[in-house]
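Peer 1: Sequence:
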Amino acid sequence: MRVIRIDASSATILLTEAPAPKVRDRQTGEIAKDAVSGEALMTVGVVFIDEGESSLIQVTIPESGVTDGLTVGAPVSLPGLIARPWESVFNGQQRHGIAYRATAIAPGAFPMAEAV
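When we follow the working numbering, the leftmost residue of the sequence shown carries the number 1, and every step to the right adds one.
It is possible that some hints are incorrect.
[Claimed, not checked] Distance windows between CB atoms, simulated:
#1 Ile98 <-> Ala18: 30 to 38 Å
#2 Ala109 <-> Val89: 36 to 44 Å
#3 Gly52 <-> Glu30: 13 to 21 Å
#4 Gln94 <-> Val23: 31 to 39 Å
#5 Ala109 <-> Arg26: 17 to 25 Å
#6 Ala20 <-> Arg95: 18 to 26 Å
Hints are computed from structural coordinates only; laboratory data are not their basis. For every residue, glycine included, the Cβ atom is placed at its ideal position computed from N, Cα and C.
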């Protein structure tokens with residue numbers, strides 16, 4: 001499966017939803033786990049702002065990658081941010097999208113304004 005690495009060095013990323021466990025099965029409440037490590041996964045909502053464009057995205061992070069000190073509305077950093085296109089058929093309907101994943105989430109800073 002194709003993975004696209006995202007350079008977020010010039011982006012402003014703001015936390016819009018606090019970390020919460022990623023639910024694998026809504027009927028049973030089963031928490032999603034990393035296929036390789038078996039570690040529980042978390043999701044966070046962020047607004048990703050770069051070059052005058054913004055997008056609200058959900059990012060999956062391993063539970064050990066969630067650091068203390070996160071505040072909704074504050075800037076965060078997402079090291080190792082990648083995007084993975086996906087497709088599936090659900091109830092006979094073709095669905096597709098982009099899944100985002102990072103190795104961690106930590107408090108960040110607003111990018112420095114360029115000097116004129």
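Peer 1: Now tell me, hint by hint, if it's right for this structure.
Peer 2: Hints and how they fare:
At about 22 Å, the CB distance of Ile98 to Ala18 disagrees with the hint of 30 to 38 Å. For Ala109 and Val89, the hinted distance range of 36 to 44 Å is satisfied, since their beta carbons lie about 43 Å from each other. Distance hint check for Gly52 and Glu30: the Cβ-Cβ separation is about 40 Å, which falls outside the suggested range of 13 to 21 Å. Taking 31 to 39 Å as the suggested C-beta distance range, the pair Gln94 and Val23 does not conform, at roughly 23 Å.
At about 36 Å, the beta-carbon gap between Ala109 and Arg26 misses the expected band of 17 to 25 Å. Range check, Ala20 to Arg95: about 23 Å between beta-carbon atoms, so the 18 to 26 Å window is met.
Taken one by one, the earlier hints fail for this structure at numbers 1, 3, 4, 5, listed in ascending order.
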